[in-house]
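Chemist: What follows is each chain in one-letter form.
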Amino acid sequence: MTAAASTTATKPARRGWAFLAPTILPGFGTAFGFTLAYLCLIVLIPLGHMALRAADVGWDRFWAITLAPRVLHAFYVSFGCALAAALINAVFGLVVAWVLVRYRFPGRRIIDAMVDLPFALPTSVAGIALTAIYAPNGWIGALAKAAGFKIAFTPLGIVIALVFVGMPFIVRTVEPVLQDLDAEVEEAAASLGATRWQTFTKVLLPTILPALITGVALAFARGVGEYGSVIFIAGNIPAVSEIVPLLIVARLEQYDYAGATVIATAMMGVSFLMLLGINFLQRWTRSRHAR
Amino acid sequence: MAIEIRNVEKTFGAFTALGGVSLDVRSGELLALLGPSGSGKTTLLRIIAGLDHADAGEVSFDGQDTRDRAARDRKVGFVFQHYALFRHMTVFDNVAFGLRVKKKAERPAEMDIRRRVDQLLTMVQLSHLASRYPSQLSGGQRQRVALARALAIEPKVLLLDEPFGALDAKVRKDLRKWLRHLHDDMHITSIFVTHDQEEALELADRVVVMNHGQIIQVGTPAEVYDHPADSFVFDFLGGVNRLNGVIEAGVARLDGKAVRVDGAVGADGPAVIYVRPHQVELGVAPADGVPDGKWSARVSSLHAAGPVARLELDLAGRALEAQLSRDRLSDLALEVGSWCTVDFRHARVFPAKS
Amino acid sequence: MRLALIGLAILFLAAFLALPLVAVFSQALAKGVGAFLKGLADPDALSAIRLTLTIAAIAVPLNLVFGVAASWAIAKFNFRGKSLLLALIDLPFSVSPVISGLVYVLLFGLHGSFGPWLRDHGVQIIFAVPGVVMATVFVTFPFVARELIPLMQEQGVEDEEAAIVLGASGWQTFRLVTLPNIRWGLLYGVLLCNARAMGEFGAVSVVSGHIRGKTNTMPLHVEILYNEYNFVAAFAVASLLALLALVTLAAKAALEWRFADQIAAAKR
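Chains as they are written, first to last, in our numbering: chain X, 1 to 291; chain Y, 292 to 645; chain G, 646 to 913.
This is chain X alone, in the form it adopts within the complex (with noise of 0.2 Å):
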């Protein structure tokens, strides 16, 4: 193990830092030039880009734009709907994942199917489908006017278009783990006395939830971001249910590029943490189940 060793070496001994783990098979330099290549110019550079553009605003303008009331009020609208939304996924999109996991029924491979409309959709058709069910003289726009309140044009409406975008997250994120869950496990605690809500919430939450929560983030993310579905049904009052994307679309328009980038810089500022977080939980989760 001496250097002197190496000098006999078939090739460069390649001891301490290694870039690329030795192998026999070709190609790496091109495919991994043409992935950094392609990532920076489609991805990195652009982003990078107008990372400085809002760093050139300044500390001072970049804050008074950020804290502007009718901004602060759009992230609020924005997180506020998305969080919602996800938290109601996470309630149906569990059940939707467990009957479709667990029961065998006809029809049950059609709406399989049927769950990823969502991500098959383009989301200015489900804008505009979600809005005609829900706006006041739609089918259950309707109903909801007769009960007293309006669904499209508030933040319910918003809600509503982030539970349709976000529910396949859940689905797909909590389906595996339930796939790999034994069924032996629950009859070992329904054996031992556990009675259903036992067995649910201290055998296969404690399970479920990593992936849940993932889950979750990832429906949240999409939800904070998501501009084509919700700027039909949200009705786009500011103060009231202005979104921060719509915001910056707005900014652009008036070709205000500089409050556009600091609030969309903002945005990503906070996505990224998110992004972040979801790496963590990810990790968790392996870590917790690794076999």
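Incorrect hints may appear among the rest.
Computed cross-link-like contacts, SDA-like style, restricted to lysine to any residue with a CA-CA straight-line distance of at most 20 Å [as the list claims (entries may be wrong)]:
1. G:LYS727 to X:ASP112
2. Y:LYS644 to Y:GLU539
3. Y:LYS394 to G:LEU648
4. G:LYS727 to X:PHE34
5. G:LYS897 to X:VAL101
6. G:LYS727 to X:THR30
7. G:LYS897 to X:PHE19
8. Y:LYS393 to X:LEU44
9. G:LYS897 to G:PRO825
10. X:LYS202 to X:VAL91
11. G:LYS727 to X:ALA113
12. G:LYS727 to X:VAL91
13. G:LYS676 to G:ALA686
14. Y:LYS447 to Y:VAL462
15. Y:LYS393 to Y:MET380
16. G:LYS897 to X:ALA113
17. G:LYS676 to X:VAL101
18. G:LYS727 to X:TRP284
Read the hints as simulated data drawn from the structure, not as lab findings.
Guided by the hints, dock chains Y and G onto chain X, whose structure is given.
Modeler: For chains Y and G alone, coordinates are given in the frame of chain X:
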């Protein structure tokens, strides 16, 4: 083709897979690399194939250094542990692969490829399955396809990584015999990796025992079995009694009585006496106590199914396993609870590890 | 319990998934088939359809090549910083579509960093087709790579090593061994990538400028028609997109059913 391996080293991070290994592989022999997992045997095989690069040292084929010969140019047949059959190709196409990817100038005509593949499939007795896909074959059949595929490129050396590892016991035995016959017909230099000592001893011309990235012993199966180089080899080749004794003034002693041992005795101090069950000699206990130079033990259990009887004995509180023929057992008229004398035909002693 | 849960799940999905779909088609046909077809036959609608197809035809192959290259590098090799690279590839998923468009406006727009230079050289990117393509590529960037990386990681390198020991060149190994091994996963990724490329709204909306007949994609055209209170035409175009989504879902389900084992890793 002969292969010379000189001072090959390989580390993965902090783990030393091979710590300066040298070995001569003779042309035409069937060599086993035997060792527990992590002993470096597979790494050595992959370095010979060119699948991994040594950090230091040389591997040469017939005196030619392989340094600059890429894996694809080495003409090495490699049979992977899990076969690595191309699952989207039929058995036929799998075997033909190595011929079809040759450069235009070297590539045989399709007619010749066909003939060659048919010939190989006949040899591995799979002609009738030529158009099947790997997923439609049994484990043993896949293994033979992998072998035929490796042989198609007319390799100078055949390397097999745990060739029978993924098969069940019965298939494993059949395939082992079959591979031995195949090797006797073709005389291609072959190296296989295994952790199964029975497989290595039964199949190979020579066995290389490895541990912790080092070669411990090289020899014919009889040599390594009868004259293990050290306690590890003795242990690893299986079925051994380890009895705690001492070495005093150059004599190994068990309970005060001297043990006749083969080979060197070693320095004075605590020692472990190694003896194989079939080297344990049992005798009828005389009525007037124990004869000099022998030990006395009581039979604690007895398994007498098959031609060989296995006994577990209690030798002054130590468990001792013995093997003897059924005839000998009936001569001794032993049963559970009866006493007998014990002696060792061949034993080895190694200093106890502190 | 069982029935109650199934009922609850179906009710939830019906309200949130089935109802919007029904709404799209019923609104599109609210004034009869004639009005529906008229909405689609409009020259601006046709041009939006053409543009959407064109953009997908550019963005999907680009991200396909990227996805294959990225997954080859990440799944078949061990190198430092791999998890960082993986996280960066996922980055566009966590960026608001609006920001995905904005970053290009800031680069190439009239007031963007390269705007004046581009204008002087007569090149227009923002409020033109190139910008729309860029924003779409950004948004659909991770799709193929996301599907392929876990699949190729699961498949390991033994097949490739076997091919190389048998004398195959790098390209032969990739074409004859790797590509067939990942073909269904690849198709799966392309399917998802394509659905998003054709349906992207937010990012495209920021860079397109909504110029009818020029930079209007189908999802944007839906918005314009809707804001003009031309509901039948809006929902007519929307119904085409909904149909695309349904076809995507059906193809996806078929792939999952038929080749579950060969895209299994990708499904996690």
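Chemist: What's the verdict on LYS897 (chain G) and PRO825 (chain G), does the C-alpha distance respect the 20 Å limit or exceed it?
Modeler: holds (19 Å)
Chemist: Against the 20 Å threshold, does the CA-CA distance of LYS393 (chain Y) and MET380 (chain Y) hold or violate the hint?
Modeler: Holds - the C-alpha atoms of MET380 (chain Y) and LYS393 (chain Y) are around 18 Å apart, at most 20 Å.
Chemist: LYS727 (chain G) and THR30 (chain X) were given as a pair; does the straight-line alpha-carbon distance stay at or below 20 Å?
Modeler: Between LYS727 (chain G) and THR30 (chain X) the Cα gap is close to 16 Å, so the pair holds against 20 Å.
Chemist: Between the alpha carbons of LYS727 (chain G) and ALA113 (chain X), is the straight-line distance 20 Å or under?
Modeler: violated (33 Å)
Chemist: Has the given pair, LYS447 (chain Y) with VAL462 (chain Y), been kept, meaning a C-alpha gap of at most 20 Å?
Modeler: violated (27 Å)
Chemist: Would the hint linking LYS727 (chain G) and VAL91 (chain X) be met if the CA-CA limit is 20 Å?
Modeler: violated (35 Å)
Chemist: Does PHE19 (chain X) lie within 20 Å of LYS897 (chain G) when you go C-alpha to C-alpha?
Modeler: Given pair LYS897 (chain G), PHE19 (chain X) is violated - Cα atoms ~38 Å apart, limit 20 Å.
Chemist: Are the Cα positions of LYS897 (chain G) and VAL101 (chain X) separated by 20 Å at most?
Modeler: It holds: about 18 Å lies between the C-alpha atoms, which stays within 20 Å.
Chemist: Given the hinted pair LYS393 (chain Y) and LEU44 (chain X), is their alpha-carbon gap at most 20 Å?
Modeler: Violated - the C-alpha atoms of LEU44 (chain X) and LYS393 (chain Y) are around 42 Å apart, more than 20 Å.
Chemist: Tell me if the straight-line CA distance from LYS897 (chain G) to ALA113 (chain X) falls inside 20 Å.
Modeler: Holds, at about 8 Å.
Chemist: Are LYS727 (chain G) and PHE34 (chain X) close enough, with their CA atoms no more than 20 Å apart?
Modeler: Distance of about 15 Å is within 20 Å: holds.
Chemist: Given the hinted pair LYS676 (chain G) and ALA686 (chain G), is their alpha-carbon gap at most 20 Å?
Modeler: Answer holds: LYS676 (chain G) to ALA686 (chain G) is near 15 Å, not above 20 Å.
In summary, the numbered hints that this structure violates are 1, 3, 7, 8, 11, 12, 14, 17.
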